[in-house]
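Student: Just so you know, the protein sequences line up as chains A and B, in that order. For the first sequence, position 94 matches number 94 in the UniProt record's numbering, and the numbering has no gaps at all. For the second sequence, position 248 matches number 248 in the UniProt record's numbering, and the numbering has no gaps at all.
Simulated from the structure, these hints should not be mistaken for lab results. One should not assume that every hint holds.
Cross-link-like lysine-lysine pairs, in silico, DSS-like; alpha carbons within 27 Å at most [said to hold, decoys possible]:
(1) 137/B with 222/B
(2) 222/B with 222/A
(3) 86/B with 277/A
(4) 277/B with 222/A
(5) 172/A with 137/A
(6) 137/B with 222/A
(7) 40/A with 107/B
(8) 86/B with 259/A
(9) 252/A with 252/B
(10) 107/A with 172/A
(11) 86/A with 40/A
(12) 160/A with 259/A
(13) 137/A with 160/A
(14) 252/A with 107/B
(15) 277/A with 259/A
(16) 259/A with 259/B
(17) 259/B with 74/A
(18) 259/B with 222/A
(19) 160/B with 20/B
(20) 259/B with 172/A
(21) 107/B with 137/B
(22) 137/B with 20/B
(23) 137/A with 277/A
(24) 74/B with 277/A
(25) 222/B with 40/B
(26) 252/A with 277/B
(27) 20/A with 40/A
(28) 259/A with 107/B
(29) 74/B with 107/B
(30) 20/A with 137/A
(31) 86/A with 20/A
(32) 40/B with 20/B
(33) 252/B with 222/A
(34) 20/B with 86/B
(35) 137/A with 222/B
(36) 107/A with 137/A
(37) 259/A with 74/B
(38) 222/A with 137/A
Number of protein chains: 2
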Amino acid sequence: MTITIIGIGLIGGSLGITLKECGFATRVIGVDNRPENIDKAIRRRLVDEGMSLAEGVAVADVIIVATPVDAMRKLLPEILDRVGEKQIVVDVGSTKELLLEEIQGHKNRSRLVACHPMAGTEFSGPEAAIPNLFDGKMCVIVDGSDSAQDAVSTAGRLFKSAGMHLSHLDRKAHDVHCAYISHISHIASFALALTVLQKEENENRIFELASSGFGSTVRLAKSSADMWVPIFRQNRDNVLDVLDEHIEQLSKFRTQLIKRDFDGFYERIERANQIQKILK
Amino acid sequence: MTITIIGIGLIGGSLGITLKECGFATRVIGVDNRPENIDKAIRRRLVDEGMSLAEGVAVADVIIVATPVDAMRKLLPEILDRVGEKQIVVDVGSTKELLLEEIQGHKNRSRLVACHPMAGTEFSGPEAAIPNLFDGKMCVIVDGSDSAQDAVSTAGRLFKSAGMHLSHLDRKAHDVHCAYISHISHIASFALALTVLQKEENENRIFELASSGFGSTVRLAKSSADMWVPIFRQNRDNVLDVLDEHIEQLSKFRTQLIKRDFDGFYERIERANQIQKILK
Numbered sequence: 001m002t003i004t005i006i007g008i009g010l011i012g013g014s015l016g017i018t019l020k021e022c023g024f025a026t027r028v029i030g031v032d033n034r035p036e037n038i039d040k041a042i043r044r045r046l047v048d049e050g051m052s053l054a055e056g057v058a059v060a061d062v063i064i065v066a067t068p069v070d071a072m073r074k075l076l077p078e079i080l081d082r083v084g085e086k087q088i089v090v091d092v093g094s095t096k097e098l099l100l101e102e103i104q105g106h107k108n109r110s111r112l113v114a115c116h117p118m119a120g121t122e123f124s125g126p127e128a129a130i131p132n133l134f135d136g137k138m139c140v141i142v143d144g145s146d147s148a149q150d151a152v153s154t155a156g157r158l159f160k161s162a163g164m165h166l167s168h169l170d171r172k173a174h175d176v177h178c179a180y181i182s183h184i185s186h187i188a189s190f191a192l193a194l195t196v197l198q199k200e201e202n203e204n205r206i207f208e209l210a211s212s213g214f215g216s217t218v219r220l221a222k223s224s225a226d227m228w229v230p231i232f233r234q235n236r237d238n239v240l241d242v243l244d245e246h247i248e249q250l251s252k253f254r255t256q257l258i259k260r261d262f263d264g265f266y267e268r269i270e271r272a273n274q275i276q277k278i279l280k
Numbered sequence: 001m002t003i004t005i006i007g008i009g010l011i012g013g014s015l016g017i018t019l020k021e022c023g024f025a026t027r028v029i030g031v032d033n034r035p036e037n038i039d040k041a042i043r044r045r046l047v048d049e050g051m052s053l054a055e056g057v058a059v060a061d062v063i064i065v066a067t068p069v070d071a072m073r074k075l076l077p078e079i080l081d082r083v084g085e086k087q088i089v090v091d092v093g094s095t096k097e098l099l100l101e102e103i104q105g106h107k108n109r110s111r112l113v114a115c116h117p118m119a120g121t122e123f124s125g126p127e128a129a130i131p132n133l134f135d136g137k138m139c140v141i142v143d144g145s146d147s148a149q150d151a152v153s154t155a156g157r158l159f160k161s162a163g164m165h166l167s168h169l170d171r172k173a174h175d176v177h178c179a180y181i182s183h184i185s186h187i188a189s190f191a192l193a194l195t196v197l198q199k200e201e202n203e204n205r206i207f208e209l210a211s212s213g214f215g216s217t218v219r220l221a222k223s224s225a226d227m228w229v230p231i232f233r234q235n236r237d238n239v240l241d242v243l244d245e246h247i248e249q250l251s252k253f254r255t256q257l258i259k260r261d262f263d264g265f266y267e268r269i270e271r272a273n274q275i276q277k278i279l280k
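Whole structure, please, built from the sequences with the hints as guidance.
Tutor: This is the structure we're talking about:
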């Protein structure tokens, strides 16, 4: 199968090398608006060759769109305009509602399978691409009933051959869930980094951040603004809801500290500990 | 050297097995107010034998106090009452200011070396103890000039033989730093867990938390209330300062979302990315 990947970053590049290694793809073509990304991707064997968007779309069985979600809004209709009835387009964006509403009426909508492989690291670009990124992780197929059955089935096989489990959600539920389990974690991490950087400016000495628990909570603060700002823009309303709830939870801890209500503080930590059972 | 460890949990137990394995300790004695912890610790070879507090203190060259910090306030004066001029007491508490102020006038103050090995996991109890927990991490010696030189030197060798680097801070600076680099991370993590659990109650379905970045930011939310509430109680004022700053940073993101100021949001993410350089 010939796979064209548009946007050779962490996710696009990792899919390229993984799908080639597992044998699902016989040929992987890279499309990227930065020529140096294609060079790096070929050198790192993430893709076999580079092409223009038009060429890449024309020769592919499956076209994977792995750009930041703002670029997707522009690219997806253009790509769907070009595809034939046997070709399949898969987007791997982290937000779905706006994107799928805009594409709703497109004559080739059924050739698109909206997917969200729930995998990633705090790094970005082709340098960050790795095989096995997807191994054992969940891929959510969104609004699957709006896609042709053959397209859903091929997309499902694609992600399964990359080692993923499949799950199904509609676009509204998907965006709400992602606000809770991914987007808020990133904002919390960015805010924590800024809190400490603010302090460092005044104090001029911060020791051993990595071994104190801080390293783990702040890992995501290294994440790319180019990827995340479009996500926050598109999922603004859900993210605001969760952010309000999160600030509320922090404010309750604050009130408990002010009142020296350490029994209440204890109870709320014990409740927080229950996250263990849903984290597995 | 005979080492008595009081409180055989994650830190105490890990020190026991590590100091025995590296040869620093020839004999490790465990003291714990829960007899089952001693049984577990002997079975897991964290300690060689169990004793009462009085016996354990009497026979030791070095006494390590590794209980939660509230128990330390009670235990440290009692232990210092009992020690001779060649014995050394090391506490490994996460907060220092209150503890060291209370012990300031004790006739044997100079036999105590206040230390903070900056290592840990989100787990607790002797089951959680592991060798190599301290490897390559930082141990802070606090108010070292209030301790006898031989005591500081032995405590330093102890932590170095466990694989740690040494650093020095006074008690005020220590507690401020820990509020920033450790205590706030835990509160943020607890609050994030509560945010999601609140949601789960209503939605009844949260998928794949672990692979979404959530697992990393919320890891610390599994931490023990028995250990952490005493820390927050003793470091309340510093923690309140940092918590205010953190809520302020989150509120700025909130305002930017409300105003759709995504350029400002982008700039603040780029600033947060700079945490990379101090995390190494």
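Student: Against this structure, judge whether each hint is valid.
Tutor: Status of the hints after comparison with the structure:
no.	hint	result
1	137/B with 222/B	holds, 22 Å
2	222/B with 222/A	holds, 23 Å
3	86/B with 277/A	violated, 48 Å
4	277/B with 222/A	holds, 10 Å
5	172/A with 137/A	holds, 21 Å
6	137/B with 222/A	holds, 22 Å
7	40/A with 107/B	violated, 67 Å
8	86/B with 259/A	violated, 44 Å
9	252/A with 252/B	holds, 19 Å
10	107/A with 172/A	holds, 22 Å
11	86/A with 40/A	violated, 31 Å
12	160/A with 259/A	violated, 52 Å
13	137/A with 160/A	holds, 10 Å
14	252/A with 107/B	violated, 42 Å
15	277/A with 259/A	violated, 31 Å
16	259/A with 259/B	violated, 33 Å
17	259/B with 74/A	holds, 24 Å
18	259/B with 222/A	holds, 24 Å
19	160/B with 20/B	holds, 14 Å
20	259/B with 172/A	holds, 23 Å
21	107/B with 137/B	violated, 32 Å
22	137/B with 20/B	holds, 19 Å
23	137/A with 277/A	holds, 18 Å
24	74/B with 277/A	violated, 35 Å
25	222/B with 40/B	holds, 22 Å
26	252/A with 277/B	violated, 32 Å
27	20/A with 40/A	holds, 17 Å
28	259/A with 107/B	violated, 35 Å
29	74/B with 107/B	holds, 16 Å
30	20/A with 137/A	holds, 18 Å
31	86/A with 20/A	holds, 21 Å
32	40/B with 20/B	holds, 17 Å
33	252/B with 222/A	holds, 19 Å
34	20/B with 86/B	holds, 21 Å
35	137/A with 222/B	holds, 22 Å
36	107/A with 137/A	violated, 32 Å
37	259/A with 74/B	holds, 24 Å
38	222/A with 137/A	holds, 22 Å
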